[in-house]
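Visitor: Since the structure of chain A is already known, use the hints to place chain B on it.
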Amino acid sequence: GQQLNQSPQSMFIQEGEDVSMNCTSSSIFNTWLWYKQDPGEGPVLLIALYKAGELTSNGRLTAQFGITRKDSFLNISASIPSDVGIYFCAGSIPNFGNEKLTFGTGTRLTIIP
Amino acid sequence: DGGITQSPKYLFRKEGQNVTLSCEQNLNHDAMYWYRQDPGQGLRLIYYSQIVNDFQKGDIAEGYSVSREKKESFPLTVTSAQKNPTAFYLCASRGEGRGGNQPQHFGDGTRLSIL
Numbered sequence: 001g002q003q004l005n006q007s008p009q010s011m012f013i014q015e016g017e018d019v020s021m022n023c024t025s026s027s028i029f030n031t032w033l034w035y036k037q038d039p040g041e042g043p044v045l046l047i048a049l050y051k052a053g054e055l056t057s058n059g060r061l062t063a064q065f066g067i068t069r070k071d072s073f074l075n076i077s078a079s080i081p082s083d084v085g086i087y088f089c090a091g092s093i094p095n096f097g098n099e100k101l102t103f104g105t106g107t108r109l110t111i112i113p
Numbered sequence: 114d115g116g117i118t119q120s121p122k123y124l125f126r127k128e129g130q131n132v133t134l135s136c137e138q139n140l141n142h143d144a145m146y147w148y149r150q151d152p153g154q155g156l157r158l159i160y161y162s163q164i165v166n167d168f169q170k171g172d173i174a175e176g177y178s179v180s181r182e183k184k185e186s187f188p189l190t191v192t193s194a195q196k197n198p199t200a201f202y203l204c205a206s207r208g209e210g211r212g213g214n215q216p217q218h219f220g221d222g223t224r225l226s227i228l
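Residue numbers (the numbering used here), protein chains in the order written: chain A, 1 to 113; chain B, 114 to 228.
I should point out that these hints are in silico values taken from the structure, not numbers from a laboratory.
The C-beta atom is built at its ideal place from N, Cα and C for all residues, glycine as well.
A couple of the hints might just be wrong.
[Claimed, not checked] What the simulated footprint calls covered on chain B by chain A, stretch by stretch (three residues with Cβ under 8 Å from a Cβ of chain A suffice, anywhere in the stretch; the number is not a length):
(1) 183-194
(2) 217-226
[To be verified] Coverage of chain A stretches by chain B, computed from C-beta distances (three or more under 8 Å per stretch; other residues unrestricted):
(3) 39-46
(4) 103-113
[To be verified] A few chain A residues that don't get close to chain B, going by computed Cβ distances all over 12 Å:
(5) A78
(6) A90
(7) S92
Bound conformation, chain B alone:
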C-alpha cells in the first residue's frame, strides 16, 4: 500500500533523553513536514523539507532536529532541550501535480509522553 508510515505509535521519553520519531513515505513526494498537536489546538509546524538534503525551521523548531538524507525518510529528533515534549506528532508529505501544488497528506501520528 502507498502511504505515510510513522513509528512507533507510542513513545516514552525519560528526562534528559533524546528520542527519534520515524516517518517514511513511498509516495515519491518531494516535500515532507512535521507537526506537533496539543489537546484542543490546531497543528503547529516544527520543520519541513522541500527536497532531499534541505530542510527549514517551522514555527516551533526549538528543541527539535531533523534530517533528510533520503527522499522517503524524514526523521524527527526530540532533544532534551525540548522541555515540554508531551504531544501528538504528525508527519505529512506532499507531491507535485500537473495542476501545481497538491494537498498535504498525513501519517497516523506518534504519541510521545514523558516518564
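Just chain A, same shape as in the assembly:
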C-alpha cells in the first residue's frame, strides 16, 4: 500500500518552544488530515486540508497542504504541557465515494520540564 513518511519520530522540547513536523508521500493525495492521540484514547482531528497550497490555522496550530500534493506540515507555536501526545498525519484519495486513509507512523511530542 501507499506509504507516508512522517518526521521526526519523536521530539523533546521545552514548554514555550515552537514545534514543526511533516509528512511526505510517494503518491499524491487530495486530502491531508492531522490528528492528535493521547495515551489510551482515539485520535482527535486537529486540522483538515482539502486544497493544494492551503494553509489553515486552528489556534496555535498551523498546517499546510503542499503544492505538489505529496507533503504536508504541522506547526505548533508556543507549546504547552497539554500538547504532549502523538501526532499523526493521514492522506486520502477519494475513489468513487470510497475514502481510505493512509496514516503516517506518528510523531511523539514530549515536553521537558
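Guide: Just chain B, lined up with the frame of chain A:
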C-alpha cells in the same frame, strides 16, 4: 452526546477464542471503519463499510470479520485465525457534508490482549 462509542475498553482473549468488539455511532454517518494500531506504528485499515449491508476488506483483513446490519453499528470479530491479535483497535465513522467528504472521527478504542 453525539459520538462514537467503543466497548469494552479492555478485552482479553483466550487461545482459540473468537471475540467481538462493539462500535456504535449516533452521528447518522454512512461510512464506518476499523483500524488496528500497534506500538510505534500508524493505524492500519482492517475493514470498512460505506453503507448498511455492505463492507470491504482493508489492508489487513485476514483473521477478522465484520457485519453492518444497522447504520449505527459496525461490530468487529477477531477470530481464532488471527494469530497476533494483541493491539489497540479503533473504530471511526465519516459523514457526508455539502462540501463533499468529511474527515473520519474516532472512538476511544478497545485494547485487546491475549491471556
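Visitor: Please go over all the hints and tell whether each is borne out by the structure.
Guide: Hints, one by one, checked against the model:
1. 183-194: That given contact is violated, which follows from only 0 residues of the region 183-194 of chain B lying within Cβ reach (below 8 Å) of chain A.
2. 217-226: holds (count 7)
3. 39-46: Result for this restraint: holds, n = 6.
4. 103-113: n = 4 at 8 Å, threshold three: holds.
5. A78: Since the minimum Cβ distance to chain B is about 26 Å, A78(A) lies beyond 12 Å and the statement holds.
6. A90: 8 Å, violated
7. S92: Answer for S92(A): violated, closest chain B Cβ roughly 8 Å.
Hint violations for this structure: numbers 1, 6 and 7, all remaining hints satisfied.
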